[in-house]
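Undergrad: Once you've looked at the hints, dock chain B against the given chain A.
There are 2 protein chains.
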Amino acid sequence: MFALEEYTKRLENVKKRMVEEGVDVLLISNPSNMYYLTNYSAWSFYVHQIMVITLEDAQPIWIGRQMDASGVAKTTWLDEHHIIAYPDYFVQSKERHPIDFVANILTEIGQSARTIGVEMDVHYFTALCYERLKHGLPNATFKDTSSLVNMVRLIKSNQEIKYMKRAGEIVERAMRAAYDCVQIGVRENEVAAAIYLAQIQGTPEFGGDYTSIVPMLPTNENTSSPHLTWTDRKYKNGDFLTIEIAGAYKRYHAPMARTMSIGNAPNEVKELSKVVEEGIEATLDFIKPGVKACDVERVWSKAIGKYGHRKSSRLGYSVGLSFPPDWGEHTVSFRPGDETILKPNMTFHLMPGIWYSDYGVEITETVRITTDGVELLTNFPRNLYEKPVLSILPDEHTS
Amino acid sequence: MFALEEYTKRLENVKKRMVEEGVDVLLISNPSNMYYLTNYSAWSFYVHQIMVITLEDAQPIWIGRQMDASGVAKTTWLDEHHIIAYPDYFVQSKERHPIDFVANILTEIGQSARTIGVEMDVHYFTALCYERLKHGLPNATFKDTSSLVNMVRLIKSNQEIKYMKRAGEIVERAMRAAYDCVQIGVRENEVAAAIYLAQIQGTPEFGGDYTSIVPMLPTNENTSSPHLTWTDRKYKNGDFLTIEIAGAYKRYHAPMARTMSIGNAPNEVKELSKVVEEGIEATLDFIKPGVKACDVERVWSKAIGKYGHRKSSRLGYSVGLSFPPDWGEHTVSFRPGDETILKPNMTFHLMPGIWYSDYGVEITETVRITTDGVELLTNFPRNLYEKPVLSILPDEHTS
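Residue numbers (this note's numbering), protein chains in the order written: chain A, 53 to 451; chain B, 53 to 451.
With the rest of the complex left out, here is chain A (with noise of 0.2 angstroms):
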């Protein structure tokens, strides 16, 4: 848990943004946003509940289910006149919807006839909590806030910082249990397993905690599509596959992706391993306090550009605190149109993924904008890893 000031602090950042936009309330949807404002971490967000912020109010009010409501007493800084639960009849159910018990809490604390801030683009504020609400409250007037709090958290605090770095030296871990593991007649699932258990038990110091997108390992021509996890299929000489995965601790996340086969990799994803490499050092030689968002995916653009290539997709991403389904922050992108300056202590995904219709190359880095340039925040090699074959095999002869 973070000091109390710490809390403090960003929740009067949150009511400044309020004001600026117009909003006397905020109800917030997003799990990473309620962490982010009291540390409550449950695996209660698959049912609907919700934070709300006035600006009246000197802590968040919680309202959610019954049997939640003692972990947020139990790990928040909330005292109990901030935890509202509401029955367990409501969940899940075709006759009541949780929404319609928050808009009656709302109605109850004087809330009803004002605007309110929501997060129309979230996922867990479904389009049913949007009916719901507008129902249950006539007299509101509602705005899209889906990523005021998200703004918030754009620049880390030193502890935030410190919390990505144990998530850094996570990754690198779970990345070198991938390559030690990857081999001739070993399943795609054994090296899913094998990282999995680098990330959740993290180092000696420190335990991990659960990331927000499960390891994704596609292999051959379905490196081609990004998000596909993993089969039981075995592992072949010859075969090429993309690692993406993060380490994360207490929610904070360093992402990191890599390429390597077994044996020689393809000739086509060498080279392409060769510029995308090339194109990262181009662009954290750029990267610094001061230039655009935007500009960072020009130069890019330019370095791969020269030997022919190019992505149309985004080069990075705001990445930090999160919950599932994504690490992403949702604030702002490398790619052209994002004008966000940037500052010291953004953190970012550094994502030059390239994938074509039958072979992909992934090879990013979680980096720090720091008061003059850019850190990464994990150590590790960023060459295609092309794994020696082993000469001999028991399982090759099984399989």
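Some clues are possibly wrong.
[To be verified] Computed from the model, here is a short list of chain A residues facing chain B with C-beta under 10 angstroms:
1. H149
2. V174
3. P270
Source of the hints: derived by calculation from the structure; they are not laboratory data. We put the CB at the ideal spot given by N, CA and C, even for glycine.
TA: Okay, now just chain B, sitting in the frame of chain A:
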């Protein structure tokens, strides 16, 4: 992948329900429903994607992000005419929304003025998705079909049952790994790591898949709140904990929870465990085809009520195929008011967890309704496990 005939049958069943509900077009946002109909399982649901079912078309249409399209082509039975990709600049943008793209496609294929079913209360169909859809299709009529496909999934095929039994084998191994790992001086995260390792390694015959909820293993007073995960605190003599996990095979789940202690458990935990065990026996004796879901809960309540205990939350829910953030199917629950009549090959997580303000007990089973009763999908001792304390523990001196 299931046989094409099974997918065709599933799609037919969905269309039948569409006709019953007066829906011409069905938009699917729930990744479990997408997978059920097409085998698409990539972790791409963190950006907006929609599957379109029309009564006329023999295949669903997938509409999603450019970089994911080749994964759809490579892992599903959809042909290239049924895979439509939106450019990356729609992703998490303030200017553009993927659902605008979807609305345009629906207009192009002549479906803009139809009755369209949308999954109003599904994570991934956000409030903004619905607003953009209404804006883009002003002549359409919308209907809430949140559980239309889920209801089709309620009765499992034999192959689905086989998958769930495999998941059951995996969760047995994972629970055994947890029991073996918990000990004085061991950190909570190391137990979580042992669970993950067993979950993903699976068995020598088949590999494990990730589960839709992470391991939940609250200790001592935190057992009052079932959805807390883990920390890196070290276990001490006398600690007690609940462990709620699942095994997963090709996205099919078998959840299971158990309660254990290091050395002697507190008396109230021992006593409550016995009550829960007896309640489970009574409940299992009762469950069979033809009885109502609400009556299952009634039998349970009576069994524990005679000892003065009461459970305020539902006793269980339909389970099977799922994606994060939940392994429940959001259809049938064992609770008052649910009049669903049980039928063979329905599958449930029988969830007799009881949570009081300072402790809780969870002992659960995944069950299948058979032709004349009920079958457990896992085989694991149900009693409270009081793990003997080792006399020589090197870690103990350093903790």
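Undergrad: Could you check if H149(A) really has its C-beta closer than 10 angstroms to a C-beta on chain B?
TA: holds, 8 angstroms
Undergrad: Does P270(A) pass the interface hint, meaning its C-beta sits closer than 10 angstroms to a C-beta of chain B?
TA: Hint holds; P270(A) Cβ to chain B Cβ min 8 angstroms, cut 10 angstroms.
Undergrad: Have a go at the V174(A) hint: is there a Cβ in chain B nearer than 10 angstroms to its own Cβ?
TA: holds, 6 angstroms
The structure meets every hint from the earlier list without exception.
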